[in-house]
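Trainee: The hints should help you fit chain B onto chain A, whose structure is shown.
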Amino acid sequence: MASVPTSVSAFSAGVKRGLTARGVSETVVKWISFSCALLCVVTTFGIIAVLLSQAIPFFQKVSPIEFFTGREWAPTRNPASFGILPLIAGTLMITVGAGIIAIPIGLLSAIFLTEYAHPKLRAVLKPALEILAGIPTVVYGYFGLFFISPIIQKIFPEAQKANALSGMVVVGIMILPLVSSLCEDALAAVPRALREGAYGLGATKREVVQKIVVPAALSGVMASFILALSRALGETMAVALAAGSNPVLTADPTKAIQTMTAYIVSTSKGDAAAGSIKYQSLFAVGVTLFVFTLAMNLLAQRLVKKFRQVYA
Amino acid sequence: MFETPSAHMRKRRRADAIFKILCFGAAGIGVLLLITFLVKIWTDGVGRLSLDFIRDPLSTRPGRTGIWPAIVGSFYVMMLTACTAVPIGIAAAVYLEEFNSKRNRLVDFIQLNIANLAGVPSIVYGLLGLAVFVRWFALGQSIIAGALTMSLLILPMVIIVTQEALKAVPKSYREGSLALGSTKWQSIRHQVLPNAAPGILTGIILALSRAIGETAPLIVVGAASLVTQLPSGLSDRYTVLPIQIFDWANESRKGFNEAAATAIIVLIVVLLALNSLAIFLRARAQKRAI
Numbered sequence: 001m002a003s004v005p006t007s008v009s010a011f012s013a014g015v016k017r018g019l020t021a022r023g024v025s026e027t028v029v030k031w032i033s034f035s036c037a038l039l040c041v042v043t044t045f046g047i048i049a050v051l052l053s054q055a056i057p058f059f060q061k062v063s064p065i066e067f068f069t070g071r072e073w074a075p076t077r078n079p080a081s082f083g084i085l086p087l088i089a090g091t092l093m094i095t096v097g098a099g100i101i102a103i104p105i106g107l108l109s110a111i112f113l114t115e116y117a118h119p120k121l122r123a124v125l126k127p128a129l130e131i132l133a134g135i136p137t138v139v140y141g142y143f144g145l146f147f148i149s150p151i152i153q154k155i156f157p158e159a160q161k162a163n164a165l166s167g168m169v170v171v172g173i174m175i176l177p178l179v180s181s182l183c184e185d186a187l188a189a190v191p192r193a194l195r196e197g198a199y200g201l202g203a204t205k206r207e208v209v210q211k212i213v214v215p216a217a218l219s220g221v222m223a224s225f226i227l228a229l230s231r232a233l234g235e236t237m238a239v240a241l242a243a244g245s246n247p248v249l250t251a252d253p254t255k256a257i258q259t260m261t262a263y264i265v266s267t268s269k270g271d272a273a274a275g276s277i278k279y280q281s282l283f284a285v286g287v288t289l290f291v292f293t294l295a296m297n298l299l300a301q302r303l304v305k306k307f308r309q310v311y312a
Numbered sequence: 313m314f315e316t317p318s319a320h321m322r323k324r325r326r327a328d329a330i331f332k333i334l335c336f337g338a339a340g341i342g343v344l345l346l347i348t349f350l351v352k353i354w355t356d357g358v359g360r361l362s363l364d365f366i367r368d369p370l371s372t373r374p375g376r377t378g379i380w381p382a383i384v385g386s387f388y389v390m391m392l393t394a395c396t397a398v399p400i401g402i403a404a405a406v407y408l409e410e411f412n413s414k415r416n417r418l419v420d421f422i423q424l425n426i427a428n429l430a431g432v433p434s435i436v437y438g439l440l441g442l443a444v445f446v447r448w449f450a451l452g453q454s455i456i457a458g459a460l461t462m463s464l465l466i467l468p469m470v471i472i473v474t475q476e477a478l479k480a481v482p483k484s485y486r487e488g489s490l491a492l493g494s495t496k497w498q499s500i501r502h503q504v505l506p507n508a509a510p511g512i513l514t515g516i517i518l519a520l521s522r523a524i525g526e527t528a529p530l531i532v533v534g535a536a537s538l539v540t541q542l543p544s545g546l547s548d549r550y551t552v553l554p555i556q557i558f559d560w561a562n563e564s565r566k567g568f569n570e571a572a573a574t575a576i577i578v579l580i581v582v583l584l585a586l587n588s589l590a591i592f593l594r595a596r597a598q599k600r601a602i
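Protein chains in written order, with the working numbering: chain A, 1 to 312; chain B, 313 to 602.
Note that these hints are calculated values from the structure, not bench results.
Predicted model only: the values in this text are computed from it and were never measured.
One or more hints might be untrue.
Derived lysine to any residue pairs resembling SDA-like cross-links, with alpha carbons at most 25 angstroms apart [what the hints assert, rightly or not]:
| no. | chain 1 | residue 1 | chain 2 | residue 2 |
| --- | --- | --- | --- | --- |
| 1 | A | K61 | A | S266 |
| 2 | B | K599 | A | E130 |
| 3 | B | K332 | A | A188 |
| 4 | A | K269 | B | R447 |
| 5 | B | K599 | A | V124 |
| 6 | A | K205 | A | Q153 |
| 7 | A | K61 | A | V42 |
| 8 | A | K126 | B | L350 |
| 9 | A | K120 | B | I341 |
| 10 | A | K120 | B | I333 |
| 11 | A | K205 | B | A319 |
| 12 | A | K211 | A | V124 |
| 13 | B | K352 | A | Q153 |
| 14 | A | K30 | B | D420 |
| 15 | B | K332 | A | A128 |
| 16 | A | K269 | B | P543 |
| 17 | A | K278 | A | L249 |
| 18 | B | K479 | B | D420 |
| 19 | B | K352 | B | D559 |
| 20 | A | K30 | B | P399 |
| 21 | A | K30 | B | A319 |
| 22 | A | K211 | A | V190 |
| 23 | A | K205 | A | S181 |
| 24 | A | K278 | A | F68 |
| 25 | B | K496 | B | F421 |
| 26 | A | K161 | B | G359 |
| 27 | A | K278 | B | A536 |
| 28 | B | K483 | B | P543 |
| 29 | A | K278 | A | I56 |
Not close to chain B: a few residues of chain A, all C-beta gaps over 12 angstroms, as computed [stated by the list, open to error]:
| no. | residue |
| --- | --- |
| 30 | E66 |
| 31 | R77 |
| 32 | S81 |
| 33 | I88 |
| 34 | T114 |
| 35 | E130 |
| 36 | E158 |
| 37 | A188 |
| 38 | V248 |
| 39 | T250 |
| 40 | V265 |
Ideal Cβ positions, reconstructed from N, Cα and C, are used throughout, including at glycine.
In isolation and in its complexed conformation, chain A is listed as follows (with noise of 0.2 angstroms):
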């Protein structure tokens, strides 16, 4: 009898170290499971080497600095011709459009929807937000190029068919939903004691909103508009259609624009040779936009992680 307790123990201390059946399967399901985990970083890292791959090829081809300053885009003439400004200019110009349209109505629909709806308006409100961001971004795209687009050719006679403002307002409704829902858990998290607080000293429910709940939320709603517009900046479908695809500098919204997102795809749809300056110059545009939304999602992660540290 005593034996049993030991070669209990042995048995255990077996699992332990990965000698028995158990233990070995167990050390395996562990491996693959961490493995699969690190696929995400085998991903990045990815990501970052195919893009420099072939970017530092072409930018051997083509000066940095002709590449960042240049005002000219077109790759298919001879000689070509490649300075980005007029992609960046574009790409921006859709970003800073469609943030000016959803900031404001998304924030306000937040406000509505965390502070003002009746639960059986927001049981209306929410679904609506939330199938209208389920929408594929190509159906935009079509929406914008033949709904909006027309509307703005009647009221600016001279706007060509795709058009960057037409680009502007889909992708401005696109990232609508995104704004609010975002907002809207910034201002649920605001505590409700300093609500009520300020309502205990006679503030109206416009004061309490305005001078209250959303500077208490400032950081989580910040980081909610740097996530809408990095999707914004790297919206492609919606404005491929919409904004059309010519590159040229410009500050007239009627105007076909192209944007960084849309010259990789109208160009890879094209078949670029592999090797080739043309295929070389997808990366360094897709580099340039990458730097960017990188950029944008870590400041993002920064001003949710300071929102967190206060409130939790």
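Mentor: Below, chain B without anything else, positioned relative to chain A:
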């Protein structure tokens, strides 16, 4: 007792009323836009909607084209994407939540990576797929290259939703199981995963429905637009529904624009069906939990 409100108070109340109306208007815009969307697509596309349109092959003539190859292509890509991204995503989430609950630096680093990957524009994944799967692995412009690219794209999303579902399983389930002498993996397999299953399934359906609508990376890895034959294997050329919509919307011929709207109706119906399934599963899981 009741004094008439002062001028200052009246002003404050008026500002309140205006602000409330402004907020309500902003919230209403979402519903209004959704309705406008659906009405516009429906009026543009309903004329072509028929069983023949769904089952006919693609054609260069706008009046005769169908979308069957695109539907088949979308189906193949999605199935293959699900087969690769779902097991890997669940395994990664299990590692991060269960095997390594002590938040060490490595886990923090992996977590940071996942958060960043979720924010990388989809077209950048397309470039990754183009360089790695299409050129380096020499898979060419095949279904498998498209599906692998798509898997990498939705992987962060699958991991995040699975982690959320795992977090929602009460700690006592794990402790009870461990106390009865099961190993960690046994308690995960028999207690934690079955209880998290509805949540995981809901998240996966939502991730896949996002992938169905995703177009940009597939264009970059070379999905064709006019495929006359149905793909017969995983290394064949293919097209998917959103790419067809993109090409037809870009066409100058009116008939193709109409076909694009009809294809959008088909796509939205599929997505709504998937989303309703997800909502149904979530509701059932919540009911069971209570």
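Trainee: Take the hints in turn and mark each one as holding or not.
Mentor: Going down the list of hints, with the structure as the test:
1. A/K61 - A/S266: holds, 22 angstroms
2. B/K599 - A/E130: Within the cut-off at roughly 22 angstroms; holds.
3. B/K332 - A/A188: holds, 18 angstroms
4. A/K269 - B/R447: The hint holds at about 15 angstroms.
5. B/K599 - A/V124: Roughly 21 angstroms separates the two Cα atoms, so the pair holds.
6. A/K205 - A/Q153: violated, 41 angstroms
7. A/K61 - A/V42: violated, 29 angstroms
8. A/K126 - B/L350: It holds: about 17 angstroms lies between the C-alpha atoms, which stays within 25 angstroms.
9. A/K120 - B/I341: holds, 17 angstroms
10. A/K120 - B/I333: Distance of about 18 angstroms is within 25 angstroms: holds.
11. A/K205 - B/A319: At roughly 18 angstroms apart (the allowed maximum being 25 angstroms), B/A319 and A/K205 satisfy the hint.
12. A/K211 - A/V124: violated, 28 angstroms
13. B/K352 - A/Q153: Holds. B/K352 to A/Q153 sits at ~18 angstroms (cutoff 25 angstroms).
14. A/K30 - B/D420: Given that 25 angstroms is the threshold and the Cα spacing comes to 18 angstroms, the pair holds.
15. B/K332 - A/A128: Holds: B/K332 and A/A128 sit about 20 angstroms apart, inside 25 angstroms.
16. A/K269 - B/P543: holds, 20 angstroms
17. A/K278 - A/L249: Given that 25 angstroms is the threshold and the Cα spacing comes to 20 angstroms, the pair holds.
18. B/K479 - B/D420: Status holds; Cα separation ~16 angstroms.
19. B/K352 - B/D559: holds, 19 angstroms
20. A/K30 - B/P399: Satisfied, since the Cα-Cα distance of roughly 14 angstroms is no more than 25 angstroms.
21. A/K30 - B/A319: violated, 71 angstroms
22. A/K211 - A/V190: The hint holds at about 13 angstroms.
23. A/K205 - A/S181: Roughly 21 angstroms between the alpha carbons, so the hint for A/K205 and A/S181 holds.
24. A/K278 - A/F68: Cα-Cα ~17 angstroms, so holds.
25. B/K496 - B/F421: holds, 24 angstroms
26. A/K161 - B/G359: holds, 24 angstroms
27. A/K278 - B/A536: The given pair, whose Cα atoms are some 20 angstroms apart, holds under the 25 angstroms limit.
28. B/K483 - B/P543: Given that 25 angstroms is the threshold and the Cα spacing comes to 47 angstroms, the pair is violated.
29. A/K278 - A/I56: Distance ~13 angstroms between A/K278 and A/I56 Cα, so the pair holds.
30. E66: holds, 22 angstroms
31. R77: holds, 22 angstroms
32. S81: holds, 22 angstroms
33. I88: Fine: 15 angstroms to the nearest Cβ keeps A/I88 off the interface.
34. T114: Non-interface label fails for A/T114: nearest chain B Cβ at 10 angstroms, not farther than 12 angstroms.
35. E130: violated, 8 angstroms
36. E158: Holds, because the least Cβ-Cβ distance between A/E158 and chain B comes to about 20 angstroms, which exceeds 12 angstroms.
37. A188: The claim holds: A/A188 sits with its nearest Cβ about 15 angstroms from chain B, beyond 12 angstroms.
38. V248: holds, 19 angstroms
39. T250: Given a closest Cβ separation of 22 angstroms, the condition holds.
40. V265: At about 5 angstroms from chain B, A/V265 fails to clear the 12 angstroms cut-off, so the statement is violated.
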